[in-house]
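Number of protein chains: 2
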Amino acid sequence: MKILNVSSGAVGAYFCGRLAQKGAEVAVTVRSDRELVAANGFEIKSIAGDFTFRPAEVLSNASEYKNDADYLILTSKVLPDADMVELIKPAVKPGTVIVLIQNGIGIEDAIAQAFPANEILSAIAYIGVSRIAPGKLNHQGAGKLIIGKFGGGESEKCKTLCNMFEAAGVPAEYTDNIAFYRWKKLLWNVPFNALSVLGGGLLTSEMTDRNRTEALCRELMKEVIAVAGKCNVTLPENLVEENIEYTRNFPPYKTSMLVDCENFRPVEADAIVGRVVLYGEKFNVSIPHLQTVYAILKAFDTHRKNTGVYNK
Amino acid sequence: MKILNVSSGAVGAYFCGRLAQKGAEVAVTVRSDRELVAANGFEIKSIAGDFTFRPAEVLSNASEYKNDADYLILTSKVLPDADMVELIKPAVKPGTVIVLIQNGIGIEDAIAQAFPANEILSAIAYIGVSRIAPGKLNHQGAGKLIIGKFGGGESEKCKTLCNMFEAAGVPAEYTDNIAFYRWKKLLWNVPFNALSVLGGGLLTSEMTDRNRTEALCRELMKEVIAVAGKCNVTLPENLVEENIEYTRNFPPYKTSMLVDCENFRPVEADAIVGRVVLYGEKFNVSIPHLQTVYAILKAFDTHRKNTGVYNK
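Chains as they are written, first to last, in the working numbering: chain X, -3 to 308; chain C, -3 to 308.
Any copy, or any two copies together, can satisfy a pair, since identical chains are not distinguished.
20 Å max Cα-Cα, derived EDC-like pairs, lysine to aspartate or glutamate:
#1 Lys301 with Glu258
#2 Lys89 with Glu115
#3 Lys301 with Asp205
#4 Lys180 with Glu210
Rather than coming from a laboratory, the hints here were simulated on the basis of the structure.
Note that the coordinates shown come from a computational prediction; the quantities given were computed from them, not determined experimentally.
The task is simple: from the sequences and hints, build the whole structure.
The structure is reproduced here in structure tokens:
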């Protein structure tokens, strides 16, 4: 089984590294640390067992890949400047299944349009993993996937991939309704990711302290549910309280957007908040809380970009 | 004429220093730099002419003041932890006129309740002045006051004070309707101060760039106007566009809240945004944009306080 992991950051290296452990031939493209990873592989400290992932090939970009991948797994951040189609294009062959392990909603549209003959799988990752040094990762929480065919419905290729992950020790749930799970994850991500950053570095506990911030999280989630409904995805209302309770009872932690922010990386303002706002505006849903948060988050991200924070 | 300036920061020292230049006997209480100011006075670089302000007395707090002030001028920040009544109480004598040169709305209520027999004047300052070193100030913009009797109506004491300021070179407009001007200043302060901070350091130009942030400024101002109406203050709707245009055409600058933020000082979240939100909620005005901004700003300020930023 041949796999190409494009933009192999912490998330990609962990999941694809597990597949490699079970014998898959995994090549990667990386943005940084290429020499080091080629020499030593990724050293991964993991709650599921430490391991070293030595990719079959360590490439700078997809055009250097000369094989036909069975699965091309894209794990880049979803940022306005990143053209994901161009990123994977050179390695997409007629039979290549394209797998997107990424945050946000609406992220598959451009890929589906560019590669109408390829099957596209959409995956949600629940994992706490981060780069702690060049070539070194720390996997400290969860480590689960939910995968389904983009657009919904059954897929043998998807079942095969889930089975491979399961065999490699990665819980991977097969679904014929990935849109639901994507919106469900977004429901949590929108309030907690955005407010953790805009509040100047809030831990989850600071947003669930029965304060105004918690009330705002509720309002944001209600608006996301309303927009999801217009996109034909039914999120039950009780998820609002479930998310608050779950987060309040969990040990305090930093959201992934806050970790990105603190490491001078761009935040996924558009994929996580902007797209919901655009859908909401398209369908005339009343979303003043979402619009307020998005306007500030976008200004925050733009200001950092324009003042050189992301070049550090 | 005896004047006591309580909490003489940059704003207080500038305005009261001008009165001292014209012969008023001005004592001050300061929170910092006491020895230095007692020895050398405030050295003030000013677009209206540099000068040194040597107070008649430099005190640590109002209880050290043994005179009867004609005017007690309070220029402290309006913060939840600061008990302004306790701050001035020891120096409030039967005939003392209390003058508040402060930001926000509703700031006079507690003072009026504590000193029912004293006349209270409420003043709005338009000035760009900041502390550039211990005992050294830089006055680089405007420098104007609007003063009126708290609660409205005519006041001879207020006219006298305005005349003193005018004689000292400080434009000081007398009004019988200070509430209007206080809300009018707030109308600008709410969007631009709050978003400059929450956007991670936005200049005024970044908030008036015909972007989502500008649209958000408009929504916030519309909500402030609605709340003002319920408080019997009529702000004309065209102030919204006037504020946007004025700000867009002015050279880019940092708001006072952003300057406070960058200098590790608390932001006046409650006086500037919180009070409008409370009034809006009391009168059942729909203010989702204000509530969102206030929740985040309050969380931001609380997080900084709790993590020791303000002890630096």
